[in-house]
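Top to bottom, those sequences are chains A and B. Going by the UniProt record's numbering, the first sequence opens with residue 1, and the numbers climb by one from there. Going by the UniProt record's numbering, the second sequence opens with residue 1, and the numbers climb by one from there.
Simulated from the structure, these hints should not be mistaken for lab results. No false leads were slipped in.
Among the chain B residues that face chain A by a calculated CB cut under 7 Å, a handful are:
1. L232
2. Y259
3. I270
Pulled from the structure, derived: some chain B residues nowhere near chain A, Cβ distances all over 12 Å:
4. V23
5. V118
6. E179
No experiment lies behind these values; they were computed from the predicted model shown. Glycine included, every Cβ here is placed at the ideal spot set by N, Cα and C.
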Amino acid sequence: MLGFIIQRFLQAIVVMAVMSVIVFCGVYAIGNPIDIVIPPEATQEIREAAIRRLGLDLPLYKQYFIFMANLLQGDLGRSFVYNVPVLELIGGRLPATLELVLISVISATVLGVSLGVYAGYRPESWISKTIMGVSVLGFSVPSFWVGLILILFFAVHLGWLPAGGRGETVEIWGVAWSFPTLDGLSHIVLPAVNLALFKLAMMIRLARAGTREIMLTDTIKFARAAGISEGTILRRHLLKLISIPILTVFGLELGSTLAFAVVTETIFSWPGVGKLIIDSIGVLDRPVMVAYLILVAFLFVTINFVIDLVFALIDPRVRQGATS
Amino acid sequence: MKNASTPLGRFWAEFRENRVAVVALAVVVLLMLLALFAAFVSPQNPYDMANLSLMDSRRPPGFVGSGGYTHLLGTDPQGRDLLSAIFYGLRISIQIGLAAGIVSLSLGTTLGILAAYVGGRVETLIMRAVDLQLSFPAILLALVIVALLGQGKAQLIGALVAAQYAYFARTAYGAAKAERGKDYIEAALATPMSGRLVVLRHLLPNCTPPLIVVATVQIANSISLEATLSFLGLGLPVTEPSLGMLISNGFPYMMSGRYWISFYPGVALIILIVAINLVGDQIRDQFNPRLRK
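I would like the entire structure built from these sequences, with the hints used as guidance.
In structure tokens form, the structure reads like this:
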């Protein structure tokens with residue numbers, strides 16, 4: 001088991017190093033950020049001083065090594081636009097995004113697995129067919145348009161829910177959260193639903209496919225023959241068996257939802273990291289872009305690493321296969 | 001059936017049995033024709049500024065404008081007839097979707113087959129890069145690339161290709177790897193035929209079914225991705241609005257109840273994407289040997 005962990009850990013570090021090079025070169029190789037840092041009427045001397053101060057006169061590989069050296073000390077540089085440390089900037093926005101993403105992914109998983117198991121358990125019933133029909137829509141319809149329709153219907157037409165912002169927040173350990181207040185919660189509902197729809201569709205399909213397959217296996221036949229009630233079979237055996245693919249997708253989706261929050265946050269003016277990155281892309285604020293991408297890459301690598309470990313815990317075949 | 005003996009004829013005969021897929025295909029063809037002949041079916045040329053009057057801007061569906069005809073779906077903030085703007089927008093969306101799909105298909109297939117055929121270091125290098133990219137969300141990649149390259153059709157297509165070629169590479173690699181080990185390829189390689197010819201004549205044709213399936217799905221995806229990027233203000237210039245741009249233009253007016261500017265282009269977009277996906281589903285089912293009776 002220890003060998004397995006070390007092996008996966010080293011792999012994760014290699015991937016992270018490669019990603020950092022790609023992201024850094026990709027963002028730094030194109031465009032000249034100096035124009036956004038200094039006013040156009042600045043003299044040549046000021047211009048050159050600014051270039052030197054930001055280290056932009058050095059060759060790319062030297063810039064990369066300086067960047068990595070700082071990164072390992074927990075310094076991701078300063079935003080060109082806001083002139084504050086990037087880490088502080090992203091850290092301040094992260095709770096809003098995390099709150100939104102976690103609520104969406106968890107509710108999508110719980111609801112999606114329940115609906116999917118039902119649809120797989122009774123594939124011929126009209127409820128199952130409706131569930132599957134709706135899940136096709138959830139896959140096809142672009143999520144930004146769904147967001148607009150949610151605003152149009154629930155905020156403009158019915159006036160039940162607010163269309164944007166975080167609402168009232170509560171400070172817990174110095175971090176502002178929306179979900180503990182009623183007003184904040186009402187602000188989360190629409191963006192969370194918007195973000196969750198695609199994941200919901202995916203979870204339904206996954207749970208349905210798994211259920212249909214497993215209900216036909218000998219495990220279930222013998223459990224039934226042993227006189228175990230259907231409810232116990234579903235809870236004890238079925239859920240355990242479909243949990244592996246669902247866990248994988250849950251982990252991966254956590255990461256991709258974080259990325260997709262960019263769209264939802266823009267529509268609902270949710271002040272999270274996604275909105276920050278869109279604004280930063282608009283003004284080519286390189287340090288923020290690089291830091292955000294490396295953060296997302298880091299999250300992906302970490303999530304994959306954790307999934308591998310959890311797999312190895314659940315399924316002994318995985319850890320044996322890896323060490324032998 | 002008069003030509004049920006040819007493979008294409010057999011394919012079509014089976015395709016016809018699924019009514020939903022046939023309707024979806026008809027819708028796709030209709031939308032493509034509308035896009036192609038947008039100049040003839042639109043009441044107005046929405047790109048010609050001389051045609052537009054600000055007097056007509058943001059009017060509801062059914063409004064009779066200064067042009068003397070009825071705006072069936074209303075007008076947008078620039079005073080464009082929305083129906084015309086949707087036809088022209090469809091044209092741009094389909095153009096971009098097809099272009100990005102075809103380029104990613106060629107690039108991805110070449111890389112995937114190269115990796116499977118050559119093997120060794122090349123294989124490891126290509127497939128590691130592809131897997132690394134697949135673990136990263138396509139939307140983020142497209143977002144960053146388009147931000148760096150700037151606005152314009154070619155840049156947008158480049159960003160979409162960069163975000164999507166990996167899916168084709170994975171599929172082509174999987175198919176080619178499986179075919180590569182089969183006897184007919186070994187036999188072909190044993191003849192004096194050049195390796196290149198074996199790949200083109202024998203390996204590639206046998207890898208096409210899964211690639212066609214991925215291509216339909218990815219064309220729908222690129223259309224959706226393009227719309228999303230345009231909505232975020234990172235797509236095409238405002239002078240030639242795609243569907244996503246039209247939706248984005250209408251967004252600020254939604255709060256005051258002028259829903260139609262965003263709503264109808266969105267409906268057109270969804271009909272297009274859903275129809276393509278339904279056709280793709282049917283093709284996938286037909287190619288899936290496990291579903292064969």
